[in-house]
Every structure is written in structure tokens, then in C-alpha cells.
Amino acid sequence: MIEFFNDYILSALILGSIYALGAIGISMIYAILRFAHFAHGDLLTLGAYFAFELVDRFRAHPVISIPIAMVTVAIVAVGIDYAFYRPFRKSRPIIMVIASFGIALMLRSTFQLLWGTDDQYYWSIQPPLESLEPFLVGAKHLYIGGAVIVLISATHYLLAYTRTGKAMRAMSDDPDLARVTGIPTERIVIWTWIVGASLAAAAGVLLGMDTRIKFDMGWNLLLPMFAAAILGGLGRPYGAIAGGMVIGGLEELSTLVIPGDYKSAVAFGVMVLVLIFRPQGIFKGRVL
Amino acid sequence: METAGGLILFLVGFFTLASIASVSTLGLNICWGVTGLFNIGIAGFYAVGAYTSAILTAEPSVPSNPHLGGFELPIPVGWAGAMVMSAAIAWIVGKVCLRLRADYLAIATIGIAEIIRITFRNWGAIAGGSYGIHRIPKPFESWPQPWAEIFFLLLMIAVVVVIYLVIERGINSPWGRVMRAIRENETAAAAAGKDVERMRLQAFVYGSALMGLAGALSAHYLKQFLPEDTEPLTATFLIWVMLIAGGSGNNKGAILGAFVVWGLWTMSEFLTDLLSAEWATRAAYIRVFLIGLLLQVVLQFFSRGIIPEKPPVIRRGETNAVKAEAG
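First to last, the sequence lines map onto chains A and B. For the first sequence, the working numbering begins at 1 and goes up steadily by one. For the second sequence, the working numbering begins at 289 and goes up steadily by one.
The reader is advised that the hints may include incorrect statements.
What the hints assert, rightly or not - For lysine-lysine, the following DSSO-like pairs were computed, each having C-alpha atoms within a straight-line distance of at most 27 Å: (1) B:426 to B:511; (2) A:284 to A:166; (3) A:140 to A:263; (4) A:284 to B:383; (5) B:426 to A:90; (6) B:598 to A:263; (7) B:540 to B:598; (8) A:90 to A:140; (9) B:511 to B:383.
Claimed, not checked - Residues from chain A shown here face chain B by an in silico Cβ test under 10 Å; the list is partial: (10) 177; (11) 178; (12) 181.
No wet-lab data here; the hints were simulated from the structure. Every residue, glycine too, gets a C-beta built ideally from N, C-alpha and C.
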């Protein structure tokens with residue numbers, strides 16, 4: 001049992017929470033702006049690299065660098081939206097998907113230009129904490145777990161108790177109805193980007209803490225994050241969290257039966273099954 | 289004389305690659321341009337086509353690098369096999385995803401493309417793993433240079449012309465008008481009694497088959513096919529930029545876009561080659577960035593492309609019939 005925890009459960013929890021944080025943004029952007037944001041994975045990478053600069057130059061602790069990376073990436077995302085997505089608000093949403101596909105490519109080539117293509121690390125390999133034996137839990141896992149709990153709680157508070165959060169949920173339920181009730185839709189769109197992008201940035205830093213930082217780390221996570229958002233029901237932030245945990249868990253457990261190289265096929269398989277049998281997702285999201 | 293010969297070979301190579309790209313672009317034009325299906329898994333179908341044709345036609349593999357195949361079938365059989373195989377995979381993907389909104393198809397196609405690429409890269413027994421497939425026959429290869437290259441180019445141009453004529457005919461037939469109707473207003477097309485799901489599946493399968501053919505053509509041109517050749521940047525993204533810049537919905541635009549964008553891409557490589565070695569690798573990323581930026585500019589300011597789509601011609605007889613019905 002302890003071995004099973006060390007080999008599978010721990011990594012499933014970590015991976016699942018990273019997917020969850022990324023999927024919240026994808027899910028909300030899909031519901032409110034009505035398009036699949038293909039550059040979302042690269043916002044994760046951007047966050048990871050911003051934090052890397054802080055760690056590398058100012059010897060900041062990666063955990064301290066999370067909020068700074070979140071703010072920076074949120075600003076960048078709002079800027080990208082203003083320059084590249086906003087002109088298409090009135091056209092077919094699929095045009096925004098093409099634009100975001102291009103943005104993803106532009107971001108990735110920027111990472112390669114500025115930070116190269118080699119793996120980067122926040123810290124050297126850390127041995128598991130002796131005090132937690134026989135569980136092989138390192139300090140980084142505790143940092144990641146703590147950060148995830150804080151971030152999810154903050155997101156819950158924002159969505160459930162603030163005016164902005166309620167307006168966001170109203171808009172993701174029914175944009176037209178939200179508009180006629182007088183919700184300032186363009187301001188809510190900006191807030192959607194702030195929330196989605198900052199959570200993505202945090203997810204990127206956490207992924208970097210857990211493994212390494214590389215220019216394609218976020219892009220490779222795009223498919224499982226989409227799968228998580230669809231599984232949870234699009235426009236359902238709590239569904240996205242649940243979906244992320246399920247996809248993360250299934251991917252890690254799948255290595256029991258199939259070679260690890262094909263892990264990304266698991267997320268895809270789950271997504272296809274959801275699309276066939278329950279396209280609205282577990283939490284009854286939008287089917288667009 | 290030396291340089292003139294080199295220049296000719298360079299130009300022949302350039303036009304050959306641009307012609308192969310325009311086969312993909314025409315395929316994408318059926319999917320996206322005409323029917324509005326968001327297929328961003330071009331690299332996947334391209335890989336399926338290339339590997340299928342390679343397996344069917346290549347010489348037996350060397351023992352140090354085994355892979356499936358060595359059937360040494362004639363090249364046209366390989367091309368046909370490539371189209372059938374890509375079409376079959378597109379049919380399965382389409383069956384599942386075409387009922388749903390466009391974005392789902394986008395996610396599904398990019399997902400299937402990644403899985404196909406991972407499978408080919410890792411499954412040595414089928415596709416030679418990271419070593420790929422070598423010794424693929426090339427039409428006219430026994431001829432003296434530069435004639436071998438020139439005739440290969442002429443063959444590619446012939447392929448493009450044939451595909452162009454077939455698609456033109458299709459688009460301007462009732463079939464093409466239904467496709468456009470589905471793109472513009474799916475509900476209205478369904479209300480007019482059109483089987484929307486079946487028609488979209490057709491467009492998706494035909495388009496993907498052409499992407500597979502493009503993969504096969506490039507495998508035979510290069511005489512070897514490696515997992516790197518299915519890089520989504522060139523196999524998927526550039527094709528999209530080509531179609532949108534050229535004018536989606538218009539076959540001439542699709543072909544012109546392929547040549548223009550491939551020209552820009554090649555010229556940007558010349559510029560980066562002039563830089564010092566250290567900067568050359570970095571400049572490669574700038575090229576990619578600029579292509580991404582080009583797409584944004586085209587989307588925002590020239591969304592109809594170089595040669596915009598022409599609305600279908602309504603012949604006089606039909607107009608009168610419509611008037612008679614209305615009157």
C-alpha cells in the first residue's frame with residue numbers, strides 16, 4: 001500500500017492538481033468567450049519561466065515567485081486578448097481558435113529564443129524527507145500541495161462570494177442573459193483572463209518545481225487539460241478541478257498497464273468517451 | 289555554369305516542395321475552406337500517408353533497423369494506399385467528433401495527430417522508430433540529373449492540376465453548394481433536407497485523404513521518412529497559414545498561398561543563414577515567430593486572403609426557376 005502511494009498516488013495527486021489549475025481557465029474561457037484557447041498551455045510555460053528568472057537572478061524561493069509570476073502572466077494574457085482576440089469578438093469564434101493557435105506558436109518560439117531548448121531547474125534534486133518515512137515525500141511535494149490548497153480556496157472564494165465571481169459564473173451559464181441583466185461583459189472577460197491566466201501561471205511554476213522547465217512543457221499539457229475541462233463540463237470551474245484530478249489519476253495509473261510513452265493517449269481516450277456518451281461532462285456544462 | 293545548374297536545381301526543389309504543400313492546402317481547403325471543418329491534425333494524416341506508402345513500396349529493411357514492409361509494390365499503389373489509410377482514420381475520427389461543435393473537432397484532430405506521431409516514433413516494428421524508413425523509391429530516380437528532378441517536379445505539378453480540376457468540379461457542383469451551405473448555416477442546410485452529418489464526414493475524409501497523399505509524395509521525394517518530418521510546425525501550421533493567406537474557400541488561392549508562404553519561409557531561411565552560427569539557431573525561432581505574426585496580420589486585416597472565395601454562380605435558368613417559384 002505504501003509502495004502504491006509512493007509510485008502512483010503521489011504523482012497522480014500532483015499531476016491532477018496541475019491539470020485542475022490549468023483546466024479552470026480553459027473551461028471558463030470556453031464558456032465566456034466561446035472558444036477553445038489553444039495558447040493556454042503556453043501560459044503555463046510563461047509562468048514557469050518568469051518564476052525561473054526570479055529564482056535564478058534574485059535567489060527567490062520558487063513558492064515566493066508564484067504570485068509574481070501569476071500577476072505578470074495575467075497582464076500578458078490581458079494584453080494578448082486586447083491585441084489578438086478582441087478584434088474577433090463579433091466574428092465566428094473559430095477565428096479566435098486559429099488566432100490562439102498562432103499565439104501558442106509565437107509564445108513557444110519566444111521561449112526558445114530567450115531561454116533556449118535545454119531543461120532548466122529551480123533547484124537541485126531533493127531527497128525525500130526523512131521525518132515522513134516510509135512515504136517518499138519531498139519538501140517540494142509539500143510546497144506544491146500547500147500552494148494548490150491555497151489557490152483552489154482562493155478561486156472558490158472568488159467564484160462563490162464576490163460580485164465578479166458570481167458575474168463570471170452567470171456569464172458562463174448564459175452570456176445573453178448575463179448581458180441583459182446589466183453585467184458589464186467586457187470587464188468580466190478581462191477578469192476571466194486574469195483568473196484563468198494566473199492559475200495557469202501557478203500551474204506552470206508548480207510543474208516546474210515538480211519536474212523541470214522546458215519550452216514545450218505547457219503545450220504538452222494542453223490535451224489533458226482540455227480533456228479535464230470537457231470531462232468536468234465546460235463552464236464549470238469545480239468540474240474542471242474534478243476533471244483534472246480524474247485525468248491526472250488515470251494517466252498515472254495507466255502506466256500499470258501500458259508503456260509510459262502512450263500516457264497522452266489516455267487523456268485523449270477519456271475525452272473521446274466523454275464526447276460520445278456524456279458531452280455535457282460530469283457537472284453538466286455547456287455543449288457548444 | 290556551375291551556379292546556373294545549382295540555381296536550377298534549387299528552383300526545381302523549391303517548386304517541388306511547394307507543389308507537395310499545395311496538395312495539403314487543397315485538402316485543407318475542402319475541410320476548412322469549403323465546409324468549415326477545423327482540422328488541425330494535418331501532421332497526423334500526413335504521417336499516416338507517408339508511412340503507409342513507405343511501408344508498401346520500400347525495399348526490405350536492413351536487419352539492424354527492422355520495420356514493417358519491404359513489399360516493393362509499385363509507387364502508385366503506395367499513393368493509393370496512403371489515401372485509403374488516411375481516409376479510414378479520418379472516417380473514424382469524424383464519426384465521433386463531427387456531430388459536435390467545431391472546437392471539439394480541433395481538439396480531437398490535434399489529439400489524434402499527436403497520438404499518431406507518438407506511435408510512429410515509438411513503435412519500431414512498424415515504422416522503424418526514431419530511425420524512420422529508408423530506401424523509399426523515387427519516380428524517375430534512375431534518370432540523369434537534372435532531368436530526374438525536373439520530371440519529378442512535372443509529375444507533382446500534374447498531380448496538383450488533377451486534384452485542382454477534380455475539386456473545382458466538386459465545389460461548383462450541387463455537392464459543393466451543399467458544403468458551403470453547411471458552413472454558412474448548418475441548421476438551414478439541415479432544414480432543407482441535407483444530411484449534414486454525412487456531408488461533413490465526406491468533406492473531412494476527402495480532405496484528410498489529400499493530406500495523406502501529400503505525406504506520401506514527400507516521403508518519395510525525400511526517399512526516406514523520419515519522425516521529425518511530421519513536425520506539426522511545417523506539416524500543420526504552415527499549411528494553415530498558406531490556406532488563410534491564399535484565400536480559404538478558393539482552390540486557386542490555396543495553391544497560390546502554398547507557393548507564396550513557402551517562398552517567404554524559404555527566403556527567411558536564406559536571411560538566417562547569413563548570420564553567424566550562434567545567431568542562426570536563434571534566428572530560426574524568430575522565423576517561426578514571424579510566421580505566427582503573419583497569420584495574425586492576415587486574420588485581422590486580410591481575412592479573405594490573396595484570392596478571395598467567389599460565391600457560386602447561379603445560372604440564368606436557375607434564377608428564372610427561383611423567380612418563377614417565388615412569383
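Numbers of the earlier hints that this structure fails to satisfy, in rising order: 5, 6, 8, 9, 10, 11, 12
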